[in-house]
Amino acid sequence: MPELRDLYQEIILDHSRAPRNYRQPASANQKAEGFNPLCGDHFTVYLDVENDSIRDVGFQGSGCAISKASASMMTQAIKGKSKAEAQKLFDTFHKLVTTGESNGDKDNLGKLAVFSGVSEFPVRVKCATLAWHTLQAALEGKEDTVSTE
Amino acid sequence: MTTAVKTPPAETLRHSHSAKTGFDVEKIRRDFPILNTDIRGKKLVYLDNAATSQKPRAVTDAVLRYYQHENANIHRGVHFLSQLATTEHDRAREAVRSFINARDTREIIFVRGTTEAINLVAQTYGRANVGPGDEVLITAMEHHSNIVPWQLLCEEKGAKLRVAPINDDGELLLGELKKLIGPRTKIFALAHVSNALGTVNPVREIIKFAHEKNVPVLIDGAQAVPHMKVDVQELDADFYTLSSHKVFGPMGIGVLYGRAELLEKMPPYQGGGDMISSVTFDKTTYNRLPFKFEAGTPDVAGAVGFHAAIDYLNEIGMDAIAEYEHELLAYATQKVSGIPGVRLIGTAREKAGVLSFVVDGVHPHDIGTILDQEGIAVRTGHHCAQPIMERFGIPATARASLAFYNTKEEVDALANGIKKVQEVFV
Chain A
1 MPELRDLYQE IILDHSRAPR NYRQPASANQ KAEGFNPLCG DHFTVYLDVE
51 NDSIRDVGFQ GSGCAISKAS ASMMTQAIKG KSKAEAQKLF DTFHKLVTTG
101 ESNGDKDNLG KLAVFSGVSE FPVRVKCATL AWHTLQAALE GKEDTVSTE
Chain B
150 MTTAVKTPPA ETLRHSHSAK TGFDVEKIRR DFPILNTDIR GKKLVYLDNA
200 ATSQKPRAVT DAVLRYYQHE NANIHRGVHF LSQLATTEHD RAREAVRSFI
250 NARDTREIIF VRGTTEAINL VAQTYGRANV GPGDEVLITA MEHHSNIVPW
300 QLLCEEKGAK LRVAPINDDG ELLLGELKKL IGPRTKIFAL AHVSNALGTV
350 NPVREIIKFA HEKNVPVLID GAQAVPHMKV DVQELDADFY TLSSHKVFGP
400 MGIGVLYGRA ELLEKMPPYQ GGGDMISSVT FDKTTYNRLP FKFEAGTPDV
450 AGAVGFHAAI DYLNEIGMDA IAEYEHELLA YATQKVSGIP GVRLIGTARE
500 KAGVLSFVVD GVHPHDIGTI LDQEGIAVRT GHHCAQPIME RFGIPATARA
550 SLAFYNTKEE VDALANGIKK VQEVFV
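Top to bottom, those sequences are chains A and B. Under this note's numbering, think of the first position of the first sequence as 1, with each following residue one higher. Under this note's numbering, think of the first position of the second sequence as 150, with each following residue one higher.
Looking at chain B on its own, in the form it has when it is part of the complex (with noise of 0.2 Å):
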């Protein structure tokens, strides 16, 4: 098995990294509650941070001071607690807009997570940009919400969708890659990180090419937001997508950042209160960046609880997070890799926080089921990316996903609930 992470041995890691970056991770773990649940008697594990994060004690206390305390509609009332509402989600939208370095806050734009921000782009960009015999770039390992949006869009346009092909390690071809963008892509939308394989790609690099052919570049942040700290600016991306229940926040809010270049030329999305700025049978007028895209009522309480969540996360430092997971991950990799019989499932060069893997002789859901049995929550099956699973050749893997509060005793318990699951299936 070769695994790309270069790492020393797994004792000499073991109880490294604490003493190097100060990074305390046992009173981070205090902080979320939840991870002091036992399951049937057995400590939680929990190892699924890919489908969703935990939150911790900042975010679940904001949210429950925004409803008892300052709870209003926003951008309707005169009186005290509108206001305060009000002032409360555009001090959210000013957080969102600092934590990726966007230029502006009219170009974050809330919506109820990735697939919502993805879905967005494809029906207005898109039906404005895509027309017949024009081609939609995306990559072979895509989540289902990068995939199917854009067919969507293609099949009602008459346009072409065109995958670019990944090698064995999970890896975009670069190569393959460009020779993909062409005079007829009209845009062009990859992952940051994999949700299936854990691959980085190198967006920077990606994002600077499709300019020179001048096509504008999406990027899924879905899962890189968690990991690693992001700056839109620097990547130079034209959209980027994230949710804010996987970066600690609370379910149900996302974010699309939106070049607002860009963003202004969109026709609106939906249609509703808050997204015009007159309205008569006649004509309605839309309102200004980034409210256009806002129709209706917002969470304003799950801002308020990212906002927290980017307030926390600020705290200890995205580099930090970054670093302790590096190593974690290199550490969990060499401990999967090494059991006999393991194969991982995503080995490229730069990966964060997933740990794809598949058992011989022995299906992902009977691994889900057996190390559910020991308190280890992973995720098994398909991961919604069905397209990956075939490239590969497998039904299915279980995936390991890893936050800044997971322990190498954890991956220690992964790796021992690994083997117990050869032991039933001898």
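Isolated chain A (complex conformation) (with noise of 0.2 Å):
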């Protein structure tokens, strides 16, 4: 049985009640804006990317707990990273979030690990994958925006 806890860990608790690089960086280059139309998230992503390198990231909009918590740990965890890089962080954290595994990738999931708990929580995987897809249109950038459904 999957339990509370799982799902809201401390550390996405903290995210979501002070969601890091909350702002939109003043060097951004890219954005893209994502929406869940289930029940409403709605989050703009900033990039500010150079040479295939992610310089600067900042969010802002509003949701539930798991998809602000979701998008402030995601611009941590990109910052200065390759955009093939983030890429490839988004595929290990999907497969976490929707299998509860990450194939040994935990290392490099790092903080991103304790998501795992969404696995077990299906309604809530698009929660926590809205600014990830969101960042993926950005870096692509994709202008419409994009939505979970």
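No wet-lab data here; the hints were simulated from the structure. Be aware that a few hints might be false.
[Said to hold, decoys possible] Okay, the calculated bits of chain B under chain A, using three or more residues with CB under 8 Å as the criterion: (1) 325-333; (2) 513-521; (3) 536-550.
From a predicted model like this one, the values you see are computed outputs, not experimental measurements. Each residue gets a CB set at the ideal place from its N, CA and C atoms; glycine is no exception.
Mind assembling these two chains? They're in different frames, but the hints should get you there.
Quick look at the structure:
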């Protein structure tokens, strides 16, 4: 039986209360919007990308504890990474939140591993991945709002 | 927090209802097998009745009996079963007529549900009567299904969609509303009861005023019919819509009530079998009412099940149901609004069935997940009413919605669940 504390771990609650990089970096040169029409979660992810490297990242918007904490922790995890590294991290993260497994990539995930509990709550997977889908769109330079539906 | 429902203290209410009305909720609960379900070892507390209601055994038995012993296509055959199925379908229509007190079964159109009923009126009455520069009036508390069909119509016809505003309690501003009914208004569509706020609109007064201006009125009754006695003649509604699945009947069937003289003049909705009286490649003449609007094989089993639901409700009595629920909602309002950090969204003086709320510092989606862990089913989100969420400046709410099989013990479980939510998020 899934336990609430597996989902709402202390670090997740902390990031949802006080999200990091909750800003629009002045140097941002790419951005995308993400929207979950079912619950109304709505985020914008801002990137400062130069020579394939994510120099800075921020986000703004509103959403549930899971989506907000995920966005916050994502910004910390991808700052300074290359586009390909960020994409690889998303792949690993996606596997983690959908299956609870990480293919031995747990070291890469770092703090993001706390989201493994999400896999026990299938309807919350979209919350955990909304910011990541938005990031992907920003990296690809897509203008349309990303929707989880 | 101001709540408009005036009640004695919770403890006085706690055990008073059954003695007063003879309403035996425990007996009623035994008629609904699903209410006995355990969710992860906890007793199900089903408070999502505005999304769909549960079905009494009488309804599921009727559907099963129909398919096992009576199934055939209607209006088709001379054989015994076809005639039996046709009779059952006719009897269901008569049961609906009587339930909402329409004058004639010709005024009862079976559709898939309220959504289809509203689309039907928009696409037939609307397309025939709304032109460029005309206006369609709705209100700020409508469900998407009573917004989008009219938007589509207005877009097609170059007409304007006007929206009557509401106040902070979620009540229509009647003065403003009356000003919006003008010479260009071709139809006014509004909810009897708001699905997101629970507001009961004074539809009789509103219809009277609209009729003085010669404006026909469609009432979306999806959230009213499960909670109160509805009499379409007393309301003087031109159109009234409802969904069986919200009234303890099967999913997939609903009703459009329409005044016969309006229905007669309206063009058909969908073409096909059953809606014609004769077809040649040159000309088709349409069937009489109600069949003109019922193309194709209908949901006969759904009609039979809905008939069983109506019989079941009549046995208990809609007035007894309304009285019991009124007291239950008052109890729930007091219990939930009394929790520090909880704010009700929708505090109209007249309410039915719905308790929408937000909790400080907690997103409704998180409320829903935590309550679910306690076996408590509520809806979280915008409830297909995004403009309402915008009006109140919130992304979403958690919504507990009641039926006559809910109990004060379940309301207590909800209140304890909300406290648990707050503990997780301290």
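Here is how each hint holds up against the structure:
1. 325-333: Coverage by chain A is violated here, the residue count being 0 at a Cβ distance below 8 Å.
2. 513-521: Since three or more residues must qualify, the claim that chain A covers the region 513-521 of chain B holds, with 5 doing so at under 8 Å.
3. 536-550: holds (count 3)
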